[in-house]
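J.: Please build the complex by placing chains S and H on the supplied structure of chain Z, with the hints as guidance.
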Amino acid sequence: MIFFIVFLVLLMLAGAIAACVFKDLINAVISLAFVSLIASILFYFLQAADVAMAEVSIGTALVTAIFVIAIRRTKRYEE
Amino acid sequence: MDFLHNYIYYFGAFGLIFIGLYIILAKSNLIKVIIGLSIMETGVNLLLIAIGYIKGGTAPIFSRPEIKAVNMVDPVPQALVLTAIVIGVAVLALALSLAIRLYGHYGTLNLRMIREQKW
Amino acid sequence: MRKLISIFLLSVMGFGIVITLQNIPFGADKARVSDYYVNKGVKETGAVNIVTAVVVNYRGFDTLGEIAVLFTGAIGLGAVLFGGKKPREKKPEPASLILRTGCKLLFPVILLFGIYVFTHGHLTPGGGFQGGAIIASAFLLIYLGGREMKFNKTAAKVTESFSGLIFVIMGLLGLTSGGYFLLNFLPKGTANTLFSAGIIPIIYIVIGLKVGSELAGIIENLIED
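As they're listed, the protein sequences go chains Z, S and H.
Its first residue numbered 8, the first sequence is counted upward by one per residue in the working numbering.
Its first residue numbered 4, the second sequence is counted upward by one per residue in the working numbering.
Its first residue numbered 14, the third sequence is counted upward by one per residue in the working numbering.
What the hints contain is simulated information worked out from the structure, not anything from laboratory work.
Backbone N, C-alpha and C define an ideal beta-carbon position, used for all residues, glycine too.
Where hints are given, some of them may not hold.
[Unchecked claim] Per the computed footprint, the stretches of chain S lying under chain H, defined by three or more beta-carbons under 8 Å from a beta-carbon of chain H, are:
1) 17-29
2) 77-86
[Said to hold, decoys possible] For each label pair, taking beta carbons as the anchor points, the in silico distance ranges come out as:
3) Z:Leu17 / S:Ser31: 25 to 33 Å
4) H:Thr206 / Z:Leu17: 43 to 51 Å
5) Z:Ile33 / S:Ala72: 44 to 52 Å
Just chain Z, with the same shape it has in the complex (with noise of 0.2 Å):
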């Protein structure tokens, strides 16, 4: 159990230095969306049901789709 907790962290903290990396933006929002998504994950295992559910659906979906409506009006390669 203890082990799954840990391989779950590793790819968060993975995902993150991975937006930092990537120099197509779209790549580094769908890493944001993943680490987003695994930070929903452990805080199911912390018992915060109500927290869970919002961090899916505000984090996963909306902050998603307002930065790709954003990089469409401006430029896609950063530079």
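T.: Using the frame of chain Z, we list chains S and H on its own:
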């Protein structure tokens, strides 16, 4: 193993805060900086919920009449984090609208090049 | 050069935090305020979900402040993006038949699920903010598949304004019926049924409608093609 049991959530939350702060300090594209701000907010929320956890506790909902009020986790940090998540998305939307306006005015989103145009 | 300075500053901060963290034990029983809320929450408010009772009843004024911040953010976004030059590209081609039919079939189902989540906020995990976000993602599906259905901006503005007004009026009614602002003055009823817990379901319905129409309005302002 005991160290791992106690500190793995703190390690994950502080790792996210440090990566987010590094992105804000060292990157020069404005949308990357806003992504770093969002990562840092997720890390802070995780830290708040991890402080309010009690070992062997369960979620604070009395869904059946025979559930007794022993061994429940702390409900006050969950109420604060609920507020913080919604305010985070409002700030993010406002920051992105300012980034769109900046791109329309200067033609670039690189912060070092925008700072050089002094007028 | 900039990266080296930032890594050095962050490691100094990290060292200080690790020393402080030895004093915060993980999983120990720390607070006494939450003992009062967990033990007496169901009897005093009538809501079975203790987090809902804390957000709406015990700390209801903070929820009013949060709604004000969300409102200011949405108005600021509308004001900054007003009258910008519209990038008139070629019109987007209509989506394929499967996508259009799927989106039109799924839209009322997601709307119904969102209304269920914020109506039963005091019985199961959920509440106003989660239900409002689900309603806003149903409107996001319309932009993906069925572009022919227009978004009625006047209806969204009227819903949002009236919902905020009803929240403040409920608080003032609590003030006039003897006591303080946001007093729980309706009868409590029996716990674990739908019509219980005083004004908590009414306030969560109002919050759910307000947050849903606000977030849908934010997306409409940003798309603006």
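J.: Next, verify each hint and record whether it holds.
T.: Outcome of the hint check:
no., hint, in the structure
1, 17-29, "holds (count 6)"
2, 77-86, "holds (count 7)"
3, Z:Leu17 / S:Ser31: 25 to 33 Å, "holds, 28 Å"
4, H:Thr206 / Z:Leu17: 43 to 51 Å, "holds, 45 Å"
5, Z:Ile33 / S:Ala72: 44 to 52 Å, "holds, 48 Å"
Against the hints set out earlier in the document, no violation occurs for any number.
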